[in-house]
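Undergrad: Please build the complete structure, drawing on both the sequences and the hints.
For reference, the chains in residue letters:
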Amino acid sequence: MKNKLTSGPYLIWMTLFTVVPLFIVIYYAFTDSVTGSFTLGNMESVKNYIPIFLRSVWLALVSALICLLLGYPVAWRIAQAGAGSQRLLYMLVMLPMCISFLLRTLAWVALLEDTGIINGFFIKLGLPPLPLIRTNGAVILGMVYNYLPYMIMPLYTVIMKIDRRLIEAAQDLGCDGPRVFAKVTLPLSVPGIISGVTMVFVPAVSTFYISQKLGNTGTTLIGDVIESQFKTAYNPNLGAALSLVLMIIVLASTALMNRFSGDDESVATV
Amino acid sequence: MNKKLIRTASAMLAVFCIVSLFCGGMTARADEKVTINVYNWGQYISDGTDGYIDVNKAFTEATGIEVNYLTYDTNETMYTKLKTGGSSYDVIIPSDYMIARLISEDMLAPLNFDNIPNYKYIDEAYKNTEYDPENIYSVPYTWGSVGVIYNTKFVDEADTGSWDLLWNEKYSGKILMFDNPRDAFGIAELLLGYDLNTESEDELRAAAAKLTEQHHLVQSYVMDQIFNQMEHEEAWIAPYYAGDFLLMNAENENLAFYYPTEGFNVFIDAMCIPATSDNKEAAEAYINFLCDPAICGENLSYLGYSVPSTEAREYLDEDVGISEVAYPSDETLARSQSFLNLSAETTKLMDSLWLGVKTSGGSNSPIYIIGIAVVAVLAIVIFIYRNNKLKKRREHYGSK
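From first to last, the protein sequence lines are chains A and B. Going by our numbering, the first residue of the first sequence is number 1, and it counts up by one from there. Going by our numbering, the first residue of the second sequence is number 271, and it counts up by one from there.
Careful: at least some of the hints might be erroneous.
Chain A regions said to be covered by chain B (calculated; three or more residues, Cβ under 8 Å) [said to hold, decoys possible]: (1) 52 to 62; (2) 197 to 207; (3) 214 to 220.
No wet-lab data here; the hints were simulated from the structure. Note that the Cβ used here is the ideal one computed from N, Cα and C, for glycine as well.
TA: Structure (structure tokens):
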């Protein structure tokens with residue numbers, strides 16, 4: 001009863017701003033933009049954008065994996081630090097997020113472009129300028145840079161909570177460093193890995209600004225297409241259909257990922 | 271008991287915060303001063319830089335009416351914003367074909383010309399236009415033409431002259447293109463020798479194919495970002511509005527401009543009042559103010575766009591007044607065409623073809639499929655391996 005009361009405001013919030021809009025999205029996705037009657041046309045035209053869906057999913061996956069490889073050692077190191085420096089290091093990870101996401105992406109443009117800071121430096125040294133911007137790599141870089149804190153945060157929280165006694169027990173029983181990591185720390189941090197990957201993958205797959213700024217005309221992502229339908233083309237019906245499909249992809253992949261963390265309780269109690 | 275009190279208090283506080291969020295706008299509106307929302311193209315009014323007049327500030331000083339100034343980057347963005355509602359604008363400045371579209375959809379309010387006496391300064395040539403034949407809904411703000419801007423440092427003079435410079439492989443990756451369907455299709459249509467207002471599906475598809483051909487050469491599809499990209503030489507070639515070239519040229523002397531031989535688009539941007547406006551009189555006062563020859567002349571000296579009023583030309587900076595770019599000769603203008611409103615079906619077709627152009631090419635789908643499949647298989651293998659191990663372990667130690 002008490003729980004119901006306290007969760008009331010959020011439930012109202014969620015109904016008004018999540019559930020109702022969701023139905024509006026579904027409604028738009030299945031109506032014609034001119035006549036307003038029921039149609040499957042929008043859903044059918046979604047198939048024209050399959051290559052773009054694939055590109056978005058692939059770039060988001062790569063970004064999530066790179067974030068994991070970069071973020072895990074950082075999270076582990078922070079969790080090992082003393083209480084005082086832990087707070088400082090954690091704050092440093094969070095610090096870039098205090099600056100607008102758009103501004104940080106524009107800063108990368110200024111760094112990477114042909115007449116940008118990095119290439120300016122190369123030219124001064126007499127080296128040929130590199131094609132840094134407007135590549136798939138630049139888009140991935142932008143995603144990794146922007147979403148890395150979302151990977152580090154859950155990883156750090158989970159690693160920090162690992163019972164130190166389990167590690168000590170493994171060491172007492174003759175396990176060396178790498179094996180302690182492989183047999184104890186890593187399995188116990190799986191929930192962090194899952195939520196980190198989810199938290200990077202979900203915004204990355206639907207991102208739109210980064211690809212416009214750092215990508216070329218061939219790296220258009222599904223987020224860009226959806227944005228254009230609402231911003232300039234005035235075709236909210238196609239936009240809604242694309243959003244719906246994107247949402248299904250995201251939900252399916254999160255459901256898949258969540259299956260991994262299913263047995264963690266038993267791991268911890270073994 | 272205490273806990274309950276705290277909980278209720280914090281819940282009330284939360285509700286209060288949310289409610290006050292929504293009320294913020296209302297209390298501001300209760301203010302006595304009239305505020306009009308002006309929705310105009312980006313970089314399209316003199317705002318006090320380079321020692322020119324700050325038009326909005328001058329208007330507020332003259333009339334006491336506050337101006338809330340907002341910008342858009344294409345006619346289509348403006349149209350979408352108006353159409354989706356939720357915001358009320360009092361003055362908008364779309365281009366000719368968009369005005370015709372807005373009129374046909376009853377989205378504009380007829381103007382009361384008693385409140386716009388300065389309308390008399392507008393030249394006859396810019397009245398009784400095709401988009402507003404009876405001069406009911408619009409007052410011309412500027413006119414201008416579309417041409418090619420290029421950087422003389424990097425672009426060979428021999429390659430210039432035609433729209434095909436934008437299709438020149440030599441400058442791959444250094445070409446910018448319009449990020450709106452009408453202007454982009456216009457260029458392809460001129461290059462193919464079609465009418466700018468063609469409604470033929472075959473011709474539109476051919477134009478889209480032409481644009482797709484260009485897709486891999488284009489650095490990006492942009493509107494006002496073009497200023498930055500051209501001025502610091504990140505891009506070398508771009509089609510854009512003549513008036514904006516004059517602004518860019520002031521920042522970078524290496525830039526040059528030409529009107530392509532195949533012809534070009536000439537447009538009029540005019541001030542209108544949306545039917546949803548709440549402050550029509552104040553909006554008319556604003557339109558009237560912008561038509562004042564002295565204000566108009568100074569405003570457009572900064573903008574570089576062409577003045578639709580002979581009186582206002584007297585007030586222009588000398589170099590702008592004689593510029594061949596801003597005021598092309600009659601001989602050049604003979605090659606120009608203006609945009610008319612297209613039927614709803616044609617507009618829809620063009621929009622979807624345009625999306626096709628922008629999302630074309632770069633199809634590495636097989637690589638992406640293989641990549642995604644590898645990751646998925648790896649994930650499943652790890653999952654099965656882990657499950658098996660857990661099962662074995664459980665069997666070994668006996669499950670709880």
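Undergrad: What are the numbers of the hints the structure violates, in ascending order?
TA: Structure breaks hint 2 only.
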